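Enquirer: Assemble the whole structure, with the sequences as input and the hints as a guide.
For the sequence shown, our numbering begins at 179 and goes up steadily by one.
Derived by calculation from the structure, the hints in this document are not laboratory data. Don't take each hint at face value.
Claimed, not checked - When the alpha-carbon atoms are kept at most 30 Å apart in a straight line, the in silico DSSO-like pairs for lysine-lysine are as follows: (1) Lys-272 <-> Lys-409; (2) Lys-314 <-> Lys-249; (3) Lys-283 <-> Lys-272; (4) Lys-441 <-> Lys-413; (5) Lys-249 <-> Lys-370; (6) Lys-283 <-> Lys-370; (7) Lys-341 <-> Lys-249; (8) Lys-283 <-> Lys-314; (9) Lys-370 <-> Lys-413.
To be verified - Label-pair restraints from in silico Cβ distances: (10) Asn-259 <-> Lys-413: 41 to 47 Å; (11) Asp-467 <-> Ala-220: 45 to 51 Å; (12) Ala-487 <-> Arg-570: 21 to 27 Å; (13) Ala-454 <-> Glu-253: 44 to 50 Å; (14) Gly-472 <-> Ala-345: 50 to 56 Å; (15) Ser-569 <-> Ala-220: 36 to 42 Å; (16) Lys-413 <-> Glu-290: 35 to 41 Å; (17) Pro-393 <-> Asp-605: 16 to 22 Å; (18) Lys-474 <-> Ser-284: 45 to 51 Å; (19) Ala-516 <-> Gly-447: 31 to 37 Å; (20) Ala-345 <-> Ala-484: 53 to 59 Å; (21) Asp-446 <-> Ala-334: 47 to 53 Å; (22) Arg-570 <-> Gly-305: 37 to 43 Å.
Here the structure is a predicted model, which means the values were calculated and not measured. Glycine included, every Cβ here is placed at the ideal spot set by N, Cα and C.
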Amino acid sequence: MLYARLLLLLVAAGVAHGFVRPTRQPRAALALGAKRALTDAAPSELEGKRILVRVDLNDDGEVSRKVAAIKPTVEALTAANAKVLLISHSGRPKSVGFEEEYSMKSVVGMVEEVLGQPCPLAPDCVGDAVDALVDKMAPGEVLLLENVRFHAGETADEEAFAKSLAAVADVFVQDAFGTAHRSHASTNRVPKMLSPSLAGVLMGEELRWLRDDLPSAARPLVGVVGGASVKSKRKLLSAMIDLHGVDEVVVGGGVALPLLKAKGLLADGASEDAFAAGELDLARAFLNDATAAGVKVTLPVDLIEAAGAPAVAAGAYASAACGDVGPDTATLFEARLATAGTAVWNGPMGRYEEEGLEAGTYGLARALGRLTQESGVATIVAGADSATAVSRAGGPAPSFVSTGGGAAVACLSGEVLAGAESLDDADEEVAAEERV
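Expert: Written out as structure tokens, the structure reads:
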């Protein structure tokens, strides 16, 4: 059903813009094949089984959205009369062992409210006390395990710790897309120790929007990239051209300044020495690659250096720092997006978290939502800052807002995600009776 919904969006976008046939094709195959999903599992593989579900309930300001996002997976498992064990991390504990500040108890109330059922918190994620609680669970019940990062073996990806985690369950479900790029014990090793190991509803949705369906996305495919520096987005910029075969890249924020300088579009006062080492070389390389591939690059025409400062035309802008894009740029970017059949956005247009510098980023978020609402364009938002901007800006919702920060960027950049790679392949045919 999700695939059908995406297909309808993409077809609608193509019709609205007089397009169906792509103008460009991706130039490289995607890194991972399809993974076996929870929806592929036979009832006998789930009923009465202890199912360890890796979720991302890290309290980073977006936890309410993350809790809501795992609900479809949990409901599917409880409806299948499984015993559901939720396991997550929270923050980065400073030492080994329990730390009140990072306990999962801060999210228990929210989880229970969203799921509409009790979700007691275990005192740990491994050990005799956890085993005892799991033994007492009835089918359809949910148990939240304590912060997996209270054990050093988690981030060290230790096999012994992974075995301890796996011992408490029969089946593994990965629904923590936000940590899928981490090669940790609960995301990398445990899935290989349990069978089946499946992609949850959220995980499958993330992979489809950010990876699997982009090659067939309605054209033109427009990538929007912002953020602090070219260096921080170099893999993503390259992937936009080489992996996804975009038709246009719209660039804002600090990423745009070295590109403007490399093209001779900034004032002389913005000297090359003002840019971080290597930024201009990376900018020139990207521009050369875009030209060779026939990809249009759209850059800001005016910029704002600091809150309260006026917008300055790019040709008169003499700073190597970007507070926000100016109003003329916002109008230009929205006009370029209006030509898109599909749009993918990562990264703010400036220091949007500072009061007075949020207009460009919030305006972009609202523009993407309007494209979906008014024209049926598939709009995809990836990255923590971009997702935060969408929730703060208000207005119509884009088609898809990823729950991943670094994981979303890694996925779009074509990197292998350990948390996805470790799951069963979709073409694995293993008899249900063998999956115990």
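Enquirer: Honestly, do Asp-446 and Ala-334 meet the 47 to 53 Å range at C-beta?
Expert: Roughly 51 Å apart at Cβ, these two residues keep to the hinted range, so it holds.
Enquirer: Does the structure keep Lys-283 and Lys-314 at a Cα separation of 30 Å or less?
Expert: 20 Å, holds
Enquirer: Just to be careful, I want the Cα atoms of Lys-370 and Lys-413 compared with a cutoff of 30 Å; is the pair within it?
Expert: 29 Å, holds
Enquirer: So does Ala-345 sit 53 to 59 Å from Ala-484, Cβ to Cβ?
Expert: 56 Å, holds
Enquirer: Below or equal to 30 Å on CA atoms is what counts here, so check Lys-314 against Lys-249.
Expert: 23 Å, holds
Enquirer: May I ask you to test the hint 50 to 56 Å on the CB atoms belonging to Gly-472 and Ala-345?
Expert: Roughly 55 Å apart at Cβ, these two residues keep to the hinted range, so it holds.
Enquirer: Range hint 37 to 43 Å: satisfied by the CB atoms of Arg-570 and Gly-305?
Expert: 41 Å, holds
Enquirer: Has the given pair, Lys-249 with Lys-370, been kept, meaning a C-alpha gap of at most 30 Å?
Expert: Roughly 24 Å between the alpha carbons, so the hint for Lys-249 and Lys-370 holds.
Enquirer: Taking only the CA atoms, is the gap from Lys-283 to Lys-370 under or equal to 30 Å?
Expert: Given pair Lys-283, Lys-370 holds - Cα atoms ~29 Å apart, limit 30 Å.
Enquirer: With respect to the beta-carbon atoms only, verify the hint that Asp-467 and Ala-220 lie 45 to 51 Å apart.
Expert: Since the Cβ atoms of Asp-467 and Ala-220 sit about 47 Å apart, the hinted range of 45 to 51 Å holds.
Enquirer: Please test the hint of 44 to 50 Å on the beta carbon pair from Ala-454 and Glu-253.
Expert: Between Ala-454 and Glu-253, where Cβ atoms are some 47 Å apart, the hint holds.
Enquirer: Can the suggested window of 45 to 51 Å be confirmed for the beta-carbon pair Lys-474 and Ser-284?
Expert: 46 Å, holds
Against the hints set out earlier in the document, no violation occurs for any number.
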